[in-house]
Amino acid sequence: MTTATTSVSGPAANAAGENLRFYGVWLAGMVVLIVLPLVFSSGGSLTSFSLIGIAIVFALSYNILLGQTGLLSFGHAVHYGLGGFTACHVMNAIVSHGWPIPLPFIPLFGGLGGLGFAILVGWLMTKRAGTVFAMISLGIGELVASSSLILRSVFGGEAGITTDRTALPRMFGWTFGPQIQVYYLIAFWLVVSAIAMYALTRTPLGRISNAVRDNPERVQFIGYDPHVVRYLAYCFAGFFAGIAGGLAAISFEIANSAYLGAIQSGLVLFATFIGGTAYFFGPILGAILVTYLQLGLTSVTSVWQLYFGIIFIGIVMFSPGGIAGLVMMHRPLLRAGTLWTVIPSYLVAIVPTVALGCGVILVIETIARHSGGEANAINLFGIAFNPKSPATWIAAAVLVAGGSVIARLTWRRVGEAWDRAATVARDRGYLA
Amino acid sequence: MLELIVISTLNGVLFGMLLFLLSSGLTVIFSMMGVLNFAHASFYMLGAFFGFQLTKWIGFWPAFVLAPLLVGAIGMAVERYGLRNTHKHGHVAELLLTFGLAFAIEEIVAMIWGRSPVDYRVPALLDFPAFTIFSTNYPAYKIFMLAVSVVIFVALLLVLRRTRVGLIVQAALTHPHMVGHLGHNVGRVFMVVFGVGSALAGLAGVIAGPALVTQSDMAAALGPILFVVIVFGGLGSLPGAFVASLVIGLVQTFAVALNGSLASVFGPLDSAGGPSALSDIWNVTIAQVAPIIPYLLLVIILIVRPMGLMGTRES
Chain A
1 MTTATTSVSG
11 PAANAAGENL
21 RFYGVWLAGM
31 VVLIVLPLVF
41 SSGGSLTSFS
51 LIGIAIVFAL
61 SYNILLGQTG
71 LLSFGHAVHY
81 GLGGFTACHV
91 MNAIVSHGWP
101 IPLPFIPLFG
111 GLGGLGFAIL
121 VGWLMTKRAG
131 TVFAMISLGI
141 GELVASSSLI
151 LRSVFGGEAG
161 ITTDRTALPR
171 MFGWTFGPQI
181 QVYYLIAFWL
191 VVSAIAMYAL
201 TRTPLGRISN
211 AVRDNPERVQ
221 FIGYDPHVVR
231 YLAYCFAGFF
241 AGIAGGLAAI
251 SFEIANSAYL
261 GAIQSGLVLF
271 ATFIGGTAYF
281 FGPILGAILV
291 TYLQLGLTSV
301 TSVWQLYFGI
311 IFIGIVMFSP
321 GGIAGLVMMH
331 RPLLRAGTLW
341 TVIPSYLVAI
351 VPTVALGCGV
361 ILVIETIARH
371 SGGEANAINL
381 FGIAFNPKSP
391 ATWIAAAVLV
401 AGGSVIARLT
411 WRRVGEAWDR
421 AATVARDRGY
431 LA
Chain B
1001 MLELIVISTL
1011 NGVLFGMLLF
1021 LLSSGLTVIF
1031 SMMGVLNFAH
1041 ASFYMLGAFF
1051 GFQLTKWIGF
1061 WPAFVLAPLL
1071 VGAIGMAVER
1081 YGLRNTHKHG
1091 HVAELLLTFG
1101 LAFAIEEIVA
1111 MIWGRSPVDY
1121 RVPALLDFPA
1131 FTIFSTNYPA
1141 YKIFMLAVSV
1151 VIFVALLLVL
1161 RRTRVGLIVQ
1171 AALTHPHMVG
1181 HLGHNVGRVF
1191 MVVFGVGSAL
1201 AGLAGVIAGP
1211 ALVTQSDMAA
1221 ALGPILFVVI
1231 VFGGLGSLPG
1241 AFVASLVIGL
1251 VQTFAVALNG
1261 SLASVFGPLD
1271 SAGGPSALSD
1281 IWNVTIAQVA
1291 PIIPYLLLVI
1301 ILIVRPMGLM
1311 GTRES
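Protein chains in written order, with our numbering: chain A, 1 to 432; chain B, 1001 to 1315.
No lab work stands behind these hints, which were simulated from the structure alone.
Honestly, I wouldn't trust all of these hints.
Now the stretches of chain B that chain A is said to cover, found in silico as 3 or more residues with beta-carbon under 8 Å [claimed, not checked]:
id : segment
1  : 1080 to 1088
2  : 1092 to 1099
3  : 1213 to 1227
4  : 1282 to 1289
C-beta atoms are modelled at their ideal positions from N, C-alpha and C, and glycine is treated no differently.
Please construct the entire structure, taking both the sequences and the accompanying hints into account.
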């Protein structure tokens, strides 16, 4: 999973070692998935793991569009939602007709639901890439989300469609009532979809998608139609998003119009971009982080969505490669053995950056409490701040102003140290 | 019926002019900088909330002047410190920056003013019926809104057609690189255009706030419609944006006013099979479909004429 989607396979002498590492990473991932619920077995953490698993499949499917084909979609949740609705309807139909289809196959129907809609609208949508595609995807997203409230018999109106996963035929004697069984079902589909999506990046279609992203004109010159390539990528993305939606339908036993909405589309964009679109494991990191923050921050602060927005803006402005890009940036330095020359400047830069972050948090929480009419203390890393006291405001102002000025200077130092280290690494032949 | 047509036409033109105040800035910014400003509707919302707050502090008329200027200043800051730094990462990064901004602005507004509508009232000076047609009192404030939009529209037209700045902006619409080659400070032009576009959006917010609902989700509700307007009119085409604004404004307003459904025209469906997708479509009223009509128009225009009504380039 650490292999860059754009990297070329290494020399033949290295191949055996590379292979071992490659499969090792995947196997380690599977072992973690199996062992996790044994370590953290509480109901809450099982639900969290299930949510994270679904989010990972969804974010990976989104990266087929954004990272691999260069299509920025603002309506990807449409396929997720339609997958969820399809799964719910199929589950209800199975129960009422007595078909012998057990629950583990349901996500496949969800995928088909997402794929079906992608086939239907994809051709029109992928005519053009770039900003126009982004706008059209937004329009289609709004169209479907609004229609779902009109077509009550299909989408169930505001309440949505409910279902009962335990009423389906059993497989291996599993009822899928307990959350742990649902978790393993999600983990299974996560592994299957992740392998399939990784394999997709290695196929000629995956490669030509990258080419369409980078230079559609040249792709045309070598005889491919970029429109067809984008359409195929769009269909695959729709299929895997549908699988994620089907998993969500199984997990929550409901599908409603919120699944299709702009918020869900925005969240998957956040997760994928924060994680990093250039590497296959980027969206996985992003999905884990965003879901974790979503679950964790809601209990800590009332304005958690604002922090989301700020983190996202920060990533866009300062690290457009996302977390994965940030991590992978250090690989050549690590190999060349020059990373240690950068670390001291990092340690210096982190202090004012953290101070700035604390200042921003103080400002936000003070304003939120002031306008919300609450007076409970702000608890920041164990230190209580009184939101009514001027001392808090002064502390916040000093942290923000001082932090931003000093952080600017120290990050400039980091840049200089980085340049020196990179030059050495380049001399040693580790950096292209 | 005549009453409905007259009132709806008035309201539709009014809504269309408001849309144009927003879409004109959006489409000029897009053609010059290649940035689709997702936060444009957020500037509109900021205008409404600043208008509300300043009205409370210093009265409506000072707010009417100050709030758009404030929003314009924020817009310039966004261009100078946000977009210009992000430019090197490409258009997708710029688009995502404005997307993140739109998200953050909505949350900040909700944090400060709450999620429920604020009490932003029509100023007392304009709070009287302007005229009465067919027993309907038409409020003077709406006439004021219409007048402001028309004045801005004419001013915009004059500036773009008759002044040197307008000449540069027009040139930058079609040949942005050439304008830079000719030695104009493209960075400053961008910043000013972004600022003016944001200020216009803010102005639309200030005057629309009392007539419509001033609420933290107003940007999210209007933003997608704005994109429909500029795609429908043709990306980068100001006349296109004008026509599309009026069309969408009129269509939306008439759709909301009409109560007919397929069932009322062709009679009820033989509903032996109980509720189905077909019976849903059969019984839904035009008013209920109103929110999706702009998006249907978008899909239709993309099939029939992908460059939009008056657009010249494909993207």
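Hint by hint, work out which the structure violates, then give me just those numbers in ascending order. none
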